[in-house]
Structures are given as structure tokens and as C-alpha cells.
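Q: Each chain, written out:
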Amino acid sequence: MDLKNNLQLKSALDDYLYGLTADLAPESTLATTMVCSERFYRRMSRLIRKAKKLEVKHSVSIHSGTDQNEEAKNDQPVNRWRKRFVLAAVIITVVLSAFSAVAAHDKITEFFITIYEKYTSIVFDMSGESAGAPDETLTEASDGSQAYNMPTYIPEGYMQTELEIYGEHALVIYTNSSEDDLIFEVNEPKNLQITIDSENTKGESIMIGQLNGFYYDNKGTQNLIWQDSECVYMITGQIGKDEMIAMAESMY
Amino acid sequence: MLDEKMLSFYLAIIDNIEDKCKFEELYLLYRFTMLKTAENVLRDFSLAEDAVHEAFLRILSHIGKIDEIDCNKTRAFVVIVVKNISLDMLRSQNRHPITELEEWEELPAGHDTDPEQELLGKESREAFSRALSVMKKTYADVLALSIVYELSDKEIAGILGITAANVRVRLCRGRQELIRNFREGTKEHGSEE
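Going line by line, the protein sequences match chains A and B.
Per the numbering used here, the first sequence starts with residue 1, numbered consecutively.
Per the numbering used here, the second sequence starts with residue 1, numbered consecutively.
Check before you lean on any hint, since a few could be wrong.
Computed cross-link-like contacts, DSS-like style, restricted to lysine-lysine with a CA-CA straight-line distance of at most 25 Å [said to hold, decoys possible]:
#1 B:K154 - B:K22
#2 B:K22 - B:K65
#3 B:K136 - B:K154
#4 A:K10 - B:K154
#5 B:K22 - A:K52
#6 B:K22 - A:K50
#7 B:K137 - A:K10
#8 B:K73 - B:K136
#9 B:K136 - B:K22
#10 A:K10 - B:K136
#11 B:K65 - A:K53
#12 B:K136 - A:K52
#13 B:K65 - A:K50
#14 B:K154 - B:K137
#15 B:K73 - B:K154
#16 B:K137 - B:K73
#17 A:K52 - B:K73
#18 B:K73 - A:K10
#19 B:K73 - B:K22
Just so you know, the hints here were simulated from the structure itself, not pulled from any lab data.
Isolated chain A (complex conformation) (with noise of 0.2 Å):
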């Protein structure tokens, strides 16, 4: 007999399985007994925010693969002519500025927006000379992992705490006293998509350096994104815009 196969024995297993939780009170009876830390909350969505990104890059490769007929599928006729519109604007915006970026002489050569029903998000990559360049930022650590370039400057009270390298992504944390996190990220531009959220932003060009970058406050969050020859970089914080800008310069 093939247990693995047997249906009794599945059957058996299934109900195995619903006496797990049987005796489990539901999920909203259980939430209101319990109450979680905030060091809990954060973590979680630290989590979060990386299964998104994860699900971003499936889900690219999902969209360019078989699935684009149940996408069309599902695709309202209202978000078409939106998609239709926004994707047309995109276009011309990223035509303009790519000659502002030859102007400035940007090595960033491309970046586009992606629009999907339920985010969106701009992709970096990096093409023209300096894409299959020998990279001099990013050196091999001694356990054959890669070393990214940060900051030297940390504003006063906070410390790292925690450093975390996956693929082309690297996560550095710096928390004070209040448990406060500044975030600092480098991304390999080479397909990467960062997703903002637009609600209550207030945007604005800055230059680190001679490089130009962008910083937004969304909801008492500070973010500053900016793009050298090698990585794309974020920090993100309640630290101010001035503090930002100067953990940004202590990398050049």
C-alpha cells in the first residue's frame, strides 16, 4: 500500500489537521485578548515590506510570462484608459528626462514606471558603459559576500542593529534609544523597482554632492532616494531632511 497515496489515510490526515485548531479560538476573539510590542509590530513589518518587494519581482516575471491573458482579463476598461494615459505620460516624462540626465551626465542611462492593479513602482537599470564596468564601489568581503559602500556619518544617538544581505539587496538598520529605525538600503540598479506611496507626499529634487537625488516626507517619514554609478540607495528615517542629506554625503 502507498500511504502517500492512500485517500483514506489524506482523509484521516485532514482531519488531523482541523483538530490542530480545533481548539483555537478564532482570530478576532484571539485579537482581542492579546496585545502585541511594538518591537513585534516592527519587525513584522519589516517583513512586510521585503515580502512585497519579493512579490514585486515575481510578480514581473509573472506579467511577462503566461499570465498576461488572465491579466487582460481582469483589467477594467477604466484602469486601461488610465493605464493607457499614465503609461503615455511616462513615456514622454522619461524621454524628457533622459536628455536631462545625458545634460547633467548622469550615468543613469534608464528607468521606467510599471503600473499593476494594485502598486506601482519605478524600475532602475543600469545600461551603457558603466552596466558591465568592473564595479569599484562594491568590493568582495572576506566570506566572498559583497561589501557595500555606507555611510560614515550615522546621526548622534543611533547605532546599528541590525544588517541584512540578500541577492543585490542590502538592509542596514540604526535604532536609538527611543527604538527609532533609520533605514538604510542599497539596491544594484540593474532591474530593480522601488514602489512609493504618493498618499500625503510632498516631494523634492536635492543634490548629494554633485549627484542629483530625491527626498520625500510621507506620513512623518523622511525618504531619500539617489542613484550614483554603481547603486541605487534609500534612507529612510525620522531624522530630517539636513541629517539625511549628510549621512548621504559621508559616502563620497
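Dock chain B against chain A, hints included.
A: Here is chain B on its own, set in the frame of chain A:
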């Protein structure tokens, strides 16, 4: 670089639409179930939070295996994951890694033979349920992950934080215990009749 007008434009067009990914849905739907499960094992809410965080970290790597979020099969899955992590934490806390030592042995001799053949024609859902109800939970969990969730040894190892070899040992012992319990259950059931 990111031109101001262009970025303002980007920011303006982003909808305030719901931005929940599958993982977030899972978190919102089962976090308290998982916390309760972990707390039942660890008797410490702070440790339970650590266990739940670790569980979500492991689930994230296998999120593609979950088809439907809001169903008992998925609820049971997250319970299995967090319960096993909590048990591991409890063991390491008590410095008695008994289960690991017990389980980390060579596979029993003759495990490749098929004693399951003996059960051919005798099995029933009720008999299996009785056998499962008295077997060691760590074995039943691994059997469920393998048979119901159709996870590979390597995937189960990643989810439970053990080696693939250890998964195979648990599966082998689980099958043996299941058969033993099944035989005993069948005998008792037969004598009652």
C-alpha cells in the same frame, strides 16, 4: 536622475489602493492564532512573538506553496510551523535537545521494505484517524506536511529548521508508528466487535 517633475508625477499617479500582498494577508489573518499557539507552548508572550516572527520568516520562503489564505488547511499549516519552532525554542531554552538526539540516528534497518503492504485492504479513514491521534505529534506533522501539503523533504526541512535527513528519519518513523498504531487499533477494534 530622478527629475523633480517626473517624480512628482509618479507620486501623484499612485493610487491609494489596497496594497496587501499574500504574505501580509496571511499575517493579518493568523498572527493571533500563531501567537496563541506559541504562547501555549512557551508560556511567555515575548518569546511567543519571537517564535511567530521566525515562523513568518520561514513561511516567506515558501509562500508560493500556499494557494488559499483563508482556509483551515492554511491555518493548520501556520500552526504546525509556529508550534514546531516554539518546541525547538523550548528545548534549547531547557538545554534538553532530546528530540534532536533521539531522532538523529540512522534510519532503521530494512526501512526500504514495505510493511505497509500488510495493511492493504484493511485501511479506513477512521482507523487512520485513530492511529494518528495516538502517534507522536512531530511525526504526524511531518507526515501531514509531506502528504497533505505535498512538500519535499528539503522544503519541510526549511520550514521546520531541521535537516532533510532528519525529515526523512521522521517520515520513516512516522510511517512505522502509524502502521504499528494502525495494527493495534485494528486489533482492538476487531476484538470490541
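Q: All the hints need checking, so say for each whether the structure fits it.
A: Structure-based check of all given hints:
In summary, the hint linking K154 of chain B to K22 of chain B is supported, as the alpha carbons are separated by about 23 Å, within the 25 Å threshold. A threshold of 25 Å between alpha carbons decides the hint, and for K22 of chain B with K65 of chain B the separation of about 11 Å falls inside it, so the pair holds. A distance of roughly 21 Å separates the Cα atoms of K136 of chain B and K154 of chain B; the hinted pair therefore holds under the 25 Å criterion. Restraint check for K10 of chain A and K154 of chain B: the C-alpha separation of about 21 Å stays at or below 25 Å, so the hint holds.
Restraint check for K22 of chain B and K52 of chain A: the C-alpha separation of about 9 Å stays at or below 25 Å, so the hint holds. Taken as a hint, the K22 of chain B and K50 of chain A pair is honoured in the structure, with Cα atoms around 12 Å apart against an allowance of 25 Å. For the hint linking K137 of chain B to K10 of chain A, the alpha-carbon distance of about 16 Å falls within 25 Å, and the restraint holds. Restraint check for K73 of chain B and K136 of chain B: satisfied, since their Cα atoms lie roughly 20 Å apart, inside the 25 Å limit.
With a CA separation close to 32 Å, the supplied pair K136 of chain B and K22 of chain B exceeds the 25 Å bound. Restraint check for K10 of chain A and K136 of chain B: the C-alpha separation of about 17 Å stays at or below 25 Å, so the hint holds. Our distance criterion of 25 Å between C-alpha atoms is met by K65 of chain B and K53 of chain A, whose separation comes to about 18 Å. Restraint check for K136 of chain B and K52 of chain A: not satisfied, since their Cα atoms lie roughly 37 Å apart, outside the 25 Å limit.
A distance of roughly 18 Å separates the Cα atoms of K65 of chain B and K50 of chain A; the hinted pair therefore holds under the 25 Å criterion. Proposed proximity of K154 of chain B and K137 of chain B is supported: the alpha carbons are some 20 Å apart, at most 25 Å. Pair hint K73 of chain B plus K154 of chain B holds up; C-alpha atoms about 21 Å apart against a cutoff of 25 Å. Taking the CA atoms of K137 of chain B and K73 of chain B, the gap is about 17 Å. The hint holds against a cut of 25 Å.
Distance check on the hinted pair: K52 of chain A and K73 of chain B sit about 23 Å apart at the alpha-carbon level, within 25 Å; holds. Proposed proximity of K73 of chain B and K10 of chain A is supported: the alpha carbons are some 12 Å apart, at most 25 Å. Only pairs whose Cα atoms come within 25 Å are accepted, and K73 of chain B paired with K22 of chain B is accepted, the gap being roughly 16 Å.
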